[in-house]
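Chain by chain, the residues:
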Amino acid sequence: MFGYYIDLAMRSLKHNKMLTALMVLAIAVGIGASMTTLTVMHLLSGDPMPGKSATLFYPQVDTDPTNESNHAQPPDVMDYRSAMDLWSSRRADRQALIVDSQLKVRAPGVDLPPLMETMLSTTADFFPMFDVPFQYGGGWSAEDDARHARVAVISADLNDKLFAGQNSVGRTLRLRDSDVRIIGVLKPWRPSPLFYAVAGGRFSGGDTSSFYGKPEDVMAPFFSGLEINDGHFYQFNCWGIPTTPGHLEAAPCNWVQLWVQLGDAGKVASYRRFVDDYAAQQKALGRFTHADNTRMRGLMQWLDFNGVVPSDVRLQTWLAFAFLAICLFNTVGLLLAKFLRRSGEIGVRRALGATRGAVFAQCLVEAGLIGVLGGVGGWLLTMIGLWVVRRQPAAYADMAHLDLTMLLTTFLLALVVSLIAGALPALRASRIPPALQLKTL
Amino acid sequence: MDIRPILMTLRRHKFTACLLILEIALTCAIICNAIFLIDQRLENMRVVSGVAEQELVYVKTAYIGNRPDAPARAAADIAALEGISGVKAAALIDQIPFDYGSDNAGLRLTLSQREDSLSAAMYHGENLLRVLGAQIVEGRDFRPEEYVPMSKVVEALDKGELGNQPNPAIVSRAVADRLWPGQEALGKQVYIGQDVPLTVVGVVGTLVRPSEMQMAKGAQYSVVLPIQEGSAEGSVYVLRTAPKDRDEVLKAAVAKLMALDPNRIVLEKGTMEQHRRDFFQNDRAMASILVGVCIAMLIITALGIVGLASFWVSQRNHSIGVRRALGATRSNILSYFQTENFLLTTMGIVVGMVLAYGINLFLIVHYELPRLPVMYLPVGAALLWLIGQCAVLGPAMRAAAVPPVVATRSV
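As you go down the protein sequences, you meet chains A and B in turn. Take 27 as the starting number for the first sequence in our numbering and just add one per residue. Take 24 as the starting number for the second sequence in our numbering and just add one per residue.
Take every hint as true, because none was put in to throw you off.
A few chain B residues facing chain A, derived, Cβ under 8 angstroms:
#1 Leu43
#2 Glu235
#3 Leu290
#4 Gly327
Don't read these hints as lab results, they were simulated from the structure. All of these numbers come straight from a predicted model, not from anything done at the bench. We treat Cβ as the ideally placed atom computed from N, Cα and C, and that holds for glycine.
Given the sequences, and given the hints that come with them, work out the whole structure.
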């Protein structure tokens, strides 16, 4: 019966090509717009560390002892001393300090002008903690951290640029005025968002697309980095004026981020207690004034708190779905017109013994067929839409591609939309009384 | 024209009529809000900078290391840049309008104040106002002897010496009006935090602050300080020239800077005009997306109206023939369908207005947008009336063309 309905639907669609094209176009345009924005949303709101994000936490303490701010939330990052105290106590399974700075990079023996790069200064746990993939070599050890080793890990991009993609482990890189030895080259790695560096989202006014940039091209041990680029570190915020700009170890400024990995709920609870105790102890020492203002959000909570999905993207998604709704109304109207125009034909079928259910099913099959055709059109329009997105100046633009899940979602959405659109007209068509229609024939 | 028979007919097609009304309502609601959003973006892009945008080029260089002779080098750079033919003036400054990042400080009227009165962009650099072309409307520009090198300022801050001296400053008109409404700003004192008192010596008419995020807090809140920028801090060389010479001057400036210190890295260069264009690229992209969606929505809605109107015309073929046979003219039939569409669109618009305010409330809560001004509603309504009338014209003409003889046929 299904095959027969398909055949009937094909005939009916061919009968009025103009109306069919109109319905297919409406669905295709609606699907194209909503799938383009949905793909971007999917890309931007996903879990950057699937399977692991539940074990990653971002502790915060209120380092600001003044009454300048309202202390509703602790600062987004920490001052040097607090970060160092928490990190060096090693109470978590893994812990990594993180700070970014800009410096000039050259490769001796490579004939290229110096590059201005962002250097990530971090500690040894960073690589295993965030599952950073290596192409050549590997990360550094805790001993390298301790002895301020002059080593570095570089990104695949930088390796391509400087060393034409060859294995560059063992080669030298000049960071500002210091030589470091390359010990690892990453595989192409593009977490979305660049979660470990996220901070300050609540001050960004919704313009958060910069959270989706590429990882730093140069990574060096935390303390080595502080020495190499001394005088060029920027504060997140300060509650007093730093005495030596760029050198913030003793400054009343927040500028270091700390991430910890905690394997199970027990460890999470005990680390929470540890952070609270630390803050209380610092209050007793007179360094903190708002000791109970601590937080420890999980990775996804932290991203949520920072509102990482740019507000423009959310707005575009709403807009696209409103547009899809209009396309849906449009298709409902047109399908109704189409089915009711065939009242005579339906009346004859009913008179010959077709049940209401059969007429309903036949109409739905026709609507579904329109949905499938609309899905194909929608898929093409989504590809065009994503191509347009890739040409936008946003930081995430290069990642906008249709993956298999979203491809299947496209067709599923098209089918669902068309069936919803078809349901009411099909119901009306199945209610057509046979006798009345036969009389007019 | 009597609308009663039209309403009677519509009551027999309640479902289809409601569908069309809903579609029009939704389109109307979204169009009103979208036009409002577009206008907001365009409003952002229209901000007045107060600087001679057509005459400026800039070169941003990276930190070339802390050198003790940074101020002397900066002076040498500026002298060399001013030697380039076509350059009217050059300056080394900390930030320029339409930068993404910005350098800001909170201002307080009294030392006892707990919270800042406002936050303003802090511009500094020798001859900044003259080179940028911002107009002083009250008071004076800084005197040459008032300029202090950045390193001296940091040193004085460390020792807490800045609190004991009058530090001259120039504020923008917007800052002066906000801090001292209706009063003379010249000679007034204002504080940065607890430490630094400033004395207003001049008022600049308009000087936009960098960073879109900061702009939202007062686009014209700017303060200029007499601090010399050393070439060590990663600052911006700005050159004033005739609009036609900009490209050549820019090329020559980069070459000259690289010749003076081959070690430096040029991070960014361009004209102020292009800097402004790049700054608003997100706003422009969003506005064009919104325009595209509006047009697509109107087209889809129009096609829906065409589809349903055609259906109604073909359904009422017989009764149209009867009316024609009873003496109705072609224009009677035409105006019947046009009036019908006008009624449906009007009902859709009424529902749409309510919906538009609903959507606006949602946007206010989630996107901190202002309330939808009432003037956007008639714009949306007019658009939909127009689209409706255009869309129904084709089917209505077909209806008018139905000959009276149809009445005599049985089908």
